[in-house]
Amino acid sequence: MTASGSVALELVQVRKSFGPVVALRSGSLRVTSGSIHALVGENGAGKSTLVKIVAGLYQRDGGDLLLHGQSVDFSSTAASKAAGIAVIYQEPTLFPDLSVTENLFMGRQPVGAGRRIDRKAMHDEALSLFKRLGVNLDPRRLAEGLSIADQQIIEIAKAISLDASVLIMDEPTAALSGVEVDRLFAVARSLRDEGRALVFISHRFDEVFDLCDTVTVMRDGEYISTDAIAETTSAQIVAKMVGREVGELFPKTPATIGEPVLTVSKLERAGVFHDVSFEVRSGEIVALAGLVGAGRSEIARAIFGVDAYDSGTVTINGTTVPGRKPRAAIQAGMGFVPEDRRQQGLVTEASVAHNVASVIRSKLSKLGLITRSSENKAAGPWSGRLEVKTNALDMHATTMSGGNQQKVVIAKWLATNPSLLIIDEPTRGIDVGTKSEVHRLISELAGQGMAILMISSELPEVLGMADRVLVVHEGRITADIDRADATPERVMTAATNTLGATA
Amino acid sequence: MTTDIQRTQTERSYPSYAAPLWRRVLLTREFAIITLLLVVFFYSRSEVPNFDGPLTIYYLLLDVAPILLIALPMTLIIITGEIDLSVASIVGLSSVLVGDLHQGGMSIPMAAFIAIVVGILCGAFNGFLIAYVGLPSLAVTIGTLALYRGLAVGLLGTTAVTDFPEKWTDLAKQRIGESSYPLIIIPIIVLAILFVLLLHFTSFGRGVFDIGLNDEAAHFSGVNVARTKFLLFVMAGAVSAFAGIYFTLRFGSARGDNATGLELQVIAAVLLGGVSIFGGRGALHGVLAGVLLIGVLSSALRLDDVSANVINIIIGLLLVASVMSTSFLSFVSRTTAGMKRRATDGSPERQRASAHHEGNKS
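So the sequence lines, in the order shown, correspond to chains R and D.
The first sequence begins at 1 in the numbering used here and counts up one residue at a time.
The second sequence begins at 1 in the numbering used here and counts up one residue at a time.
Note that these hints are calculated values from the structure, not bench results.
Among the hints, a few may not be true.
Stated by the list, open to error - Distance condition first, Cα-Cα at most 20 Å in a straight line; then the derived EDC-like pairs of lysine to aspartate or glutamate:
{"no.": "1", "chain 1": "R", "residue 1": "K325", "chain 2": "D", "residue 2": "E216"}
{"no.": "2", "chain 1": "R", "residue 1": "K240", "chain 2": "R", "residue 2": "D213"}
{"no.": "3", "chain 1": "R", "residue 1": "K131", "chain 2": "R", "residue 2": "E194"}
{"no.": "4", "chain 1": "R", "residue 1": "K81", "chain 2": "R", "residue 2": "D163"}
{"no.": "5", "chain 1": "R", "residue 1": "K252", "chain 2": "R", "residue 2": "D485"}
{"no.": "6", "chain 1": "R", "residue 1": "K131", "chain 2": "R", "residue 2": "E102"}
{"no.": "7", "chain 1": "R", "residue 1": "K389", "chain 2": "D", "residue 2": "E11"}
{"no.": "8", "chain 1": "R", "residue 1": "K252", "chain 2": "R", "residue 2": "E444"}
{"no.": "9", "chain 1": "R", "residue 1": "K377", "chain 2": "D", "residue 2": "E216"}
Unchecked claim - Just so you have them, the derived chain D footprint on chain R, three or more residues with Cβ under 8 Å:
{"no.": "10", "region": "120 to 126"}
{"no.": "11", "region": "157 to 169"}
{"no.": "12", "region": "357 to 368"}
{"no.": "13", "region": "392 to 402"}
Claimed, not checked - Label pairs and their calculated CB-CB ranges:
{"no.": "14", "chain 1": "D", "residue 1": "V310", "chain 2": "R", "residue 2": "T398", "range": "53 to 59 Å"}
{"no.": "15", "chain 1": "D", "residue 1": "F128", "chain 2": "R", "residue 2": "S147", "range": "33 to 39 Å"}
{"no.": "16", "chain 1": "D", "residue 1": "I313", "chain 2": "R", "residue 2": "S147", "range": "52 to 58 Å"}
{"no.": "17", "chain 1": "D", "residue 1": "A321", "chain 2": "R", "residue 2": "K377", "range": "50 to 56 Å"}
Bear in mind that the values here come from a model prediction, so they are computed numbers and not experimental data.
In this text, a Cβ means the ideal position worked out from N, Cα and C, and glycines have one as well.
Construct the entire structure; sequences and hints are all you get.
Below, the structure is given as structure tokens:
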């Protein structure tokens, strides 16, 4: 391990193109040992490409890559690992059927007499690693069913056992709960204090300011700036990331709030959510806030009928919707933009037209028959209204950016002319520009009288968009807060405390 | 209520297709198979002795009829990402039922009707276990392959029923007028049209593709995934039973081991026709060409005195080559598309870059 303060990893004007597409124009980064360095930027800014070059997954086209002052070339991930670089991804890929210990030592099991794997040595080493990290994990249990937080800890333990001097964490907190983030940060700090260099990629500025010592901003594949955390503010960072003033992030327009559209009454599913009752009125944006895992998405999925519930009723415009029947929910006037758009929202390997027309097929059919041209005719205007970026309607959604895919999903539901639109994480993984487009759209839809039920983990989005905030904690609605009274403190209190504030 | 979004600027409009018509038609697996079929057919007509005889087409169609029939529902099943290995056993069971019931004094139409009902029940049993219980179709239909075959052999033992009335056995071999086409192609054409409409021109068919590409997204869009799969297996059962009746009458023989191994011929033809074994991709015209290609090729080779083993080797190699050609075709398609994009449009770089970024992350 090198002394704290020396430069551990340095990239100077690294370039990378994929055919005609330039993913990284000029990537520079200078990480010192014994510090935590934040790397921030919009989606598509080139962070992941940069990380993959350091990890040995991609080879750079130009520029310098120096490790502890020496120029290095990684032809493979193995070479990068051997040089002491470890990358912890957002969702680690462990072997679910192997034990924690076996995962830790995958490919480098210690061998004893007769080249047999020395299980005892493995087990002891795993125990001591976890002890050192201060986490309580049983090395003998199977990796299957471990939380993402625990899987990341295993990856970190692996990195330490390899004595990595540089650890890169690519959005490690995206799927973690508050307690898990705290534990991860404690581990990160102790690694820093051991003199290792850490790179932390995150979209959450509170975390960046809480954990990191230095921050580097990237935009459009280029290095923008590096500042000490103490000498900058999140507003400055956002301005650098976007390269322009972010005007109204949440352009909420006033809407007339009318009759109740959705009435949920005593919805219950054992172990998931309990006694959930609320209303969403026409023109109203209601946000379901709360921590990840509180049961917000589960409630929404049950309302729409993709998941079952044990008891309770869902009524829309006065008609009770049967459970476990998405088609019935759609016919009753519901639309649902799900959380995971690549897996649930879209058939990515099908065309834009196929996707946009996918819910209104029965309306497009004549005598039971549907043609591609009728799908195109219906899909064209909707794609246009949402300004979907595509060359033609038969292009597949696979190659689109997250924001563009989200527009396709929204177009598909707007085509059904719903009276209630449920949107789960409307802007997750979407760049800032498209984000405000989506916000403006949601606001406009409410203005036209649509009832909106929005789920969001981003507090500013919740506070900026919602007419009313329902806070979910451990499967129960613990607060119903009006727009005027909604403050971050009130929402967070209700989200973390069962007996929290009631409105 | 209206959901029109007012925009001051004019809305963007899109061309329907990115590629010109010739590329969308010519650069497909289906087109390649149809071309190959025509090439092999016309080559055999001019070069293979006796291939241009009046009876060649007639026997060829009689032989491939059961495969053509069963390939129709099988295509839809494979597009949803499932598979049905029990079809040949249903053919066998249906054949035995016709023979057994006829021996017991029942008329042929009545026996055939019962055989089709039993075929539907067999398909429904497969479909129930796969769609509603959620078991993997490969495992379920390996099981029912043995089960239905066992029932068939159990009913008749090693004996065969051969005393079918000539009226009915002749019907199975009947020609349309004086032409060299057998009568059986009429129900095949009718069913083929129905299946083409079902797969390519109904919202049910769109759902079939959605299920194969991403069943979770299909479920989230209101496609009834379980019911769709269930119905497909029922269709496979019904069509297989019909093929069994034809098989019995054509050969005038009901035996427990009739059509053993036919399921693999059907699946091979479906895959040769351009259907992806992973689901989500394929078209019925390609499948029909695939079945006929195998038929023409084996018929021509047989007339050329090539032994059955060698014919199997050639068809096996053809299948492997056709599966390999998928990657080749998509490579060609990607390269030419890339050249075109560079030539006409310089702007999508940013879009592609971020798409790339996203794609790698997930």
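**Asked** Holds or violated: K131 of chain R with E102 of chain R, Cα cutoff 20 Å?
**Response** holds, 17 Å
key: Range hint 33 to 39 Å (beta carbons of F128 of chain D and S147 of chain R) holds or violated   = holds, 36 Å
Against the range 53 to 59 Å, how does the distance between the Cβ atoms of V310 of chain D and T398 of chain R compare: consistent or not? violated, 42 Å
Satisfaction of hint between D213 of chain R and K240 of chain R, Cα-Cα up to 20 Å: holds, 18 Å
Whether chain D covers the region 120 to 126 of chain R (at least 3 residues having a Cβ closer than 8 Å to its Cβ atoms) | Three-residue rule not met by the region 120 to 126 of chain R, so violated; n is 0.
Below or equal to 20 Å on CA atoms is what counts here, so check K131 of chain R against E194 of chain R.
Satisfied, since the Cα-Cα distance of roughly 15 Å is no more than 20 Å.
Check your understanding: Taking 20 Å as the top limit, are the C-alpha atoms of K252 of chain R and E444 of chain R close enough?
Key -> Since the Cα atoms of K252 of chain R and E444 of chain R sit roughly 8 Å apart, the hinted pair holds (cutoff 20 Å).
Apply the coverage criterion to the region 157 to 169 of chain R and chain D: a residue qualifies when its Cβ sits closer than 8 Å to a Cβ of the chain, and three qualifying residues are needed. violated (count 0)
Mind checking the alpha carbons of K325 of chain R and E216 of chain D for me, to see if they're no more than 20 Å apart? holds, 14 Å
Worksheet entry | Pair hint outcome, K377 of chain R versus E216 of chain D [Cα-Cα no greater than 20 Å] | Violated - the C-alpha atoms of E216 of chain D and K377 of chain R are around 26 Å apart, more than 20 Å.
> Is K389 of chain R within 20 Å of E11 of chain D, Cα to Cα?
Replying inline: holds, 12 Å
query: Does the Cβ distance between I313 of chain D and S147 of chain R fall inside 52 to 58 Å?
result: holds, 53 Å
When each numbered hint is compared with the structure, violations occur for hints 9, 10, 11, 14 and 17.
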